[in-house]
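Asks: Build out the structure end to end from the sequences listed, making use of the hints.
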Amino acid sequence: KLSLHSPKKFTIALRRPSWAGEGFSVSVNGKPVGNLKQPATYIQLNRTWKNGDTITLNLPKRLHLEPVADNPGRAAILLGPIVMAGDLGLPVETENGQGHPPIPVFVTSEMQPDRWILPVPEVSNTFRVKATNNNADGKQRQITLTPFYSLHNRTYEVYWDIYSPEDWHKRSAEIAEEQERLRKLETATVSFVQPGLMQSERDFHQQGDNTFPVNIMERAGRGGRGWFSFDMPVISSVSQSIVVTYFTGERRKATFDILLDGVKLKSVEAEKSSPARFVDIHYPIPKASISGKNKLTIRFEATNGNDIAAVFGIRIIRE
Numbered sequence: 001k002l003s004l005h006s007p008k009k010f011t012i013a014l015r016r017p018s019w020a021g022e023g024f025s026v027s028v029n030g031k032p033v034g035n036l037k038q039p040a041t042y043i044q045l046n047r048t049w050k051n052g053d054t055i056t057l058n059l060p061k062r063l064h065l066e067p068v069a070d071n072p073g074r075a076a077i078l079l080g081p082i083v084m085a086g087d088l089g090l091p092v093e094t095e096n097g098q099g100h101p102p103i104p105v106f107v108t109s110e111m112q113p114d115r116w117i118l119p120v121p122e123v124s125n126t127f128r129v130k131a132t133n134n135n136a137d138g139k140q141r142q143i144t145l146t147p148f149y150s151l152h153n154r155t156y157e158v159y160w161d162i163y164s165p166e167d168w169h170k171r172s173a174e175i176a177e178e179q180e181r182l183r184k185l186e187t188a189t190v191s192f193v194q195p196g197l198m199q200s201e202r203d204f205h206q207q208g209d210n211t212f213p214v215n216i217m218e219r220a221g222r223g224g225r226g227w228f229s230f231d232m233p234v235i236s237s238v239s240q241s242i243v244v245t246y247f248t249g250e251r252r253k254a255t256f257d258i259l260l261d262g263v264k265l266k267s268v269e270a271e272k273s274s275p276a277r278f279v280d281i282h283y284p285i286p287k288a289s290i291s292g293k294n295k296l297t298i299r300f301e302a303t304n305g306n307d308i309a310a311v312f313g314i315r316i317i318r319e
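Heads up: the sequence shown begins at 1 in this note's numbering, then just goes up one per residue.
Possibly wrong hints are sitting among the right ones.
[Said to hold, decoys possible] FRET-style restraints, in silico, Cβ to Cβ:
id : residue 1 : residue 2 : range
1  : Leu57     : Val120    : 19 to 29 Å
2  : Thr248    : Asn210    : 16 to 26 Å
3  : Gly23     : Glu177    : 44 to 54 Å
4  : Arg15     : Tyr149    : 38 to 48 Å
5  : Glu269    : Leu57     : 52 to 62 Å
6  : Leu65     : Thr187    : 37 to 47 Å
7  : Pro147    : Gln199    : 48 to 58 Å
8  : Lys9      : Met217    : 55 to 65 Å
9  : Arg252    : Pro147    : 30 to 40 Å
Keep in mind that the hints were calculated from the coordinates and are not lab data.
Backbone N, C-alpha and C define an ideal beta-carbon position, used for all residues, glycine too.
Replies: In structure tokens:
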């Protein structure tokens, strides 16, 4: 409602947000304004205004997706301008000591979210949606979506992977294949250390200089700009390899040597990829390095003033 000492002609520009849904309207003194411009533009009201003139702006909120820049299949869910978060429950312990279980995914043939995300009756700004576990079993769970600002002391997710049924079928096959790979890896394991977790590092006599623990995507690891090492059990009579887990999203250049009992095994330059992911790299152990031994000191040492790529798991396996 305008307050003017006398009639005056000027322009009032009203933003029409891109998030405003069906039913967006503007009226002046109860009379609708026609020929409204497209979303993400301004509605310009140019007229002679009088004291007491009233402008009414209706901004209906709708559910919509905001994909991330480098992955159109991953998106946040917004209600108008409000970021919605999925309540995943109370914090839980995982295998590497912290975080929450794998984040479920949404499988739908409809990209308009209000067709598969349903409001909770009589509860403001709250929705429920069925999500599929992020593994190959196909089981579903119900997720409650509430405004991000209202969620406290809970584990939550804001960005979700969204699949079509066809893409999820392919992804399920990939997940099943990866689970089988990990099962075989576990079966072949002689010893395993989880860098970045205090007890595991103590068990394997972690040492180092200019090194530090890291945590990426709920996974513990260890990086540095000096060196760090672990003492790991081996079997002298069996051919073995070292499997090291890295993350391909290193920000700084990472070049380093891997040494076995002080002898260089490999010079490494960290792999980078977009999107970044965890990868397992295998390094065969020369037979001479373990002949007559039941323990091997594995050392990661920075080279050329660069970083050591953060390490998120070290495993000795039978070949």
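Asks: If a hint holds in the structure, say so; if it doesn't, say that too.
Replies: For each hint, the structure was consulted:
{"no.": "1", "hint": "Leu57 with Val120: 19 to 29 Å", "verdict": "holds, 27 Å"}
{"no.": "2", "hint": "Thr248 with Asn210: 16 to 26 Å", "verdict": "holds, 23 Å"}
{"no.": "3", "hint": "Gly23 with Glu177: 44 to 54 Å", "verdict": "holds, 47 Å"}
{"no.": "4", "hint": "Arg15 with Tyr149: 38 to 48 Å", "verdict": "violated, 22 Å"}
{"no.": "5", "hint": "Glu269 with Leu57: 52 to 62 Å", "verdict": "holds, 57 Å"}
{"no.": "6", "hint": "Leu65 with Thr187: 37 to 47 Å", "verdict": "holds, 41 Å"}
{"no.": "7", "hint": "Pro147 with Gln199: 48 to 58 Å", "verdict": "violated, 38 Å"}
{"no.": "8", "hint": "Lys9 with Met217: 55 to 65 Å", "verdict": "holds, 58 Å"}
{"no.": "9", "hint": "Arg252 with Pro147: 30 to 40 Å", "verdict": "holds, 36 Å"}
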